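Trainee: Chains as they are written, first to last, in this note's numbering: chain B, 1 to 320; chain U, 1001 to 1321.
FYI, nobody ran anything at the bench for these hints, they're computed from the structure. Here the structure is a predicted model, which is why all the values come from computation and not from measurement. Keep in mind that a hint or two might mislead.
With a straight-line Cα cutoff of 25 angstroms, these simulated SDA-like cross-link-like pairs (lysine to any residue) come out [what the hints assert, rightly or not]:
{"id": "1", "chain 1": "B", "residue 1": "LYS5", "chain 2": "U", "residue 2": "CYS1129"}
{"id": "2", "chain 1": "B", "residue 1": "LYS5", "chain 2": "B", "residue 2": "ARG238"}
{"id": "3", "chain 1": "B", "residue 1": "LYS5", "chain 2": "U", "residue 2": "ARG1237"}
{"id": "4", "chain 1": "B", "residue 1": "LYS5", "chain 2": "U", "residue 2": "SER1124"}
{"id": "5", "chain 1": "B", "residue 1": "LYS5", "chain 2": "B", "residue 2": "PHE20"}
{"id": "6", "chain 1": "B", "residue 1": "LYS5", "chain 2": "B", "residue 2": "LEU249"}
{"id": "7", "chain 1": "B", "residue 1": "LYS5", "chain 2": "B", "residue 2": "ARG219"}
{"id": "8", "chain 1": "B", "residue 1": "LYS5", "chain 2": "U", "residue 2": "ALA1125"}
{"id": "9", "chain 1": "B", "residue 1": "LYS5", "chain 2": "B", "residue 2": "ILE16"}
{"id": "10", "chain 1": "B", "residue 1": "LYS5", "chain 2": "U", "residue 2": "ALA1127"}
{"id": "11", "chain 1": "B", "residue 1": "LYS5", "chain 2": "U", "residue 2": "GLY1224"}
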Amino acid sequence: MRSWKWEATAGRALLILVVFVAVAAPWLAPNPPDRQFDAYLYAPPTRIHGTYFYPLRLISRLERRFEEVRERPVSVRWFGAGHLVSSAGPNDPLLLLGADSYGRDIFSRLVYGSRASLGLAALATLATMIFGAVVGGIAGYAGGAIDEILSRFSDFVLVLPAIYVVLALRAVMPLVLPPGQVFALLVGIFALVSWPVVARGVRGIIASEREREYVTAGRAAGASPMRLLAVHLMPAARGYLTTQATLLLPAFILAEATLSYVGLGFPTSVPTWGTMLYDASNVALVGEAPWMLAPAAAIFLVVLAVNLVVQGSGRPPLVR
Amino acid sequence: MIRFLLRRLAFALLLVIAVSSAALLLTRLAPGDLTSELGPRARPEDVARARERFDLNRNPLAQLGGWAARAARLDFGDSFLYDRPVSPLIRRAAGNTAVLAATALAIATFLGIPLGVVTGSRSSALAACIRGASLVCLSIPPLLASLLLVFLASRTGWLPSGGMTSVAAIDAGWPAWLLDVARHLPLPALALALPLAATFERLQAQAMTETIHQPFVVAALARGVTWRRLLIDHAWRPSLRSMCAIYGLAIGALLSGSFVVEYVTAWPGLGRLMYEALRARDIYLVAGCAAMGGIFLAFGSLVSDLLLFAADPRVREGSGK
C-alpha cells in the first residue's frame, strides 16, 4: 500500500502557517481590526497593480457599487511602518479581502481573529487534556468504584451530541457578557464537555500499563502512587494525548464559530472567526459580497490541515 | 435477544429521563426566567401569572417532580413562547428533523459506502481523486457546508436558499406542498450529508483495505474467485461490521450537525426549536426538546446494535449479549 507521508507534512506546514499568522497578526494586518472606513461599507477586495493601487469611490450606496479612482494611484508600502504591507495614504485603506458591513478590513480582522479563535481552542484543549489525564490516570490506577463511576459517566457523556450540551450550558448563562468572561466561560464549557473522552482513553492505557514489571519495580523501590502515575505511567499515554489534541483543536474552533454564529459566543465587536461568520449571516448580502465568507475558508484550512495530519498517520477519521 | 432488547430499552428510558431532567433543572437554575420575554414594562400581575402557570414559584425539585408526574401521563406542559402545549410543537419539529436526517443519512450511505469500496480496494487515478474529494468534504463540517451551499443557492438561484416551504405553497394543497418541500430539502440535506459521506467513505476504505489482506480473502483469490465476487461476497460483507458500529455514532453526528444546518437554512426542526426555547428560558419546551433528542439518540444506538446483530454472526451466536 502506498504511504501518504506527504499529507502529514502538508498538514503540519499548514498548521504552522496558521499559528504564525496568529502570532504575527499586528505585523501582517495592514489596518487596525476595529477601524471603520465609513466610505468603504461592503467594499470589494483591493486590486493591487504591482506597487500601487487605486482607491475606491462609492458610486451607489444602495447597490454597493464602487469604482476605482484612476487619476489618484496610492503606492503600496512593503515592510514599512511596522507592517508587512500597508497603504501609503492614511485614508485610502488597503483592503486585501474587502470590507464588512461597518467598513472594517476583513483581512485584518481575520488575522487578528485567529488569535481569539486559536487561543480559545488551544487553551480549551490544554484544559481538557490536563483534566482528562488527571481523572483518567487516577481512575486507571485506582480501579474499583472510582473507575466504575467514571467509566459509566463518560459512556453517558459520549452518547450526547456535544454541541447541544455546549449550547445548553452556554444558553443558561447570562446571554450578554464582556469578552474576557466569554473567553473564560467557553474554555470552561468546552473542557467540561470533552474531558470524559480523554479520561476514558487515558484510563484504558494506564490500567493496562500498571500491570507491567517496571511499575512493580518502581513500587518496590518506594515510589509513591502520585509519582508513579505522573513520572512513570503518564508518558505511556503521550501518543494518545497528542492525537486527541489534534482532533479537539478544530472541534473547538468550530464550536466557537457555531456559538458566535448563533449569537451565543463573543460580542460582535470582538473579531473572531465566529463573529465574522455572524456578520456574514445575512443571506442576501453574502451572494453579492462573497469575501465575507473568508473566515469560513480559514476554518476550512485548519480542519483540512488536521485531517491531512490524521490521514497521513493512517488513523480513521472521527465522526463529528 | 429478548434480554438484550430489554437492556437497551432500559438504557433508552434512562437516557431520556436523565437528559430531560437535566435540561429542566439547568433552565430553572439559570439566571433570569421566561418572564423577561414579557419585556421590561410588563405589568407585575402578568409576570406573577406567568410564573404561576409555569411553576416558577415552586422549588426546582418540586417543579421537576410535578413535571415528571405529568410527563408520565404524556402531558409535557405548555410552551410560553408559542402559548400552546409542547407536544404537538415538538412532534412537528422532530418530524422535520427526522426527514432531514434520514435524507442526509441515505445520501451519505449511498454515496460514501460504494466510493469507499472503490478507494479501499484498488489504487488508481480514480481512487486518488475520490480520496482527495473526500478529504476536502471531510474538512467542510455542516456549518461551513450549509453556509457555502446557501451562498451558491443565492448566487445561482437553482434552489431556494432557506426554509422548508414557500409562502405560496402553504394553501396550494398537499401535492404542491410536497413538491415544494422536496425543492427545499436538497440544500440542508446535502450540507448535512457531504461531510458524513466523506467519513463513511474513509472508514469503508480503511475497513476494506484491512479485510482484503486477510488470509481468507487471499485464499478465495487463490481458489480463482473473480475479482467482483471477491470484493462483494468475501471482502465487503465482513468489512460492514465496523461500519455498523459507526451508524450509532452517526446519529449523534446528524443531530449535532442538524442544529447548525437548521439554523443556517431556516429549516424548522428540533435544533432550531431547542435553540429558541433555550434563549427564551421556555422551560417545558426545553425539557421536551431534550427528551425528544434523547429518544433520537436511543433509537440510533438501538438501530446500530441491531445492524451489528445482523451483520456479524459472532455477535448473534455470542452468549445472549
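Trainee: Against which earlier hints does the structure fall short, listed by number upward?
Mentor: 3, 7 and 11
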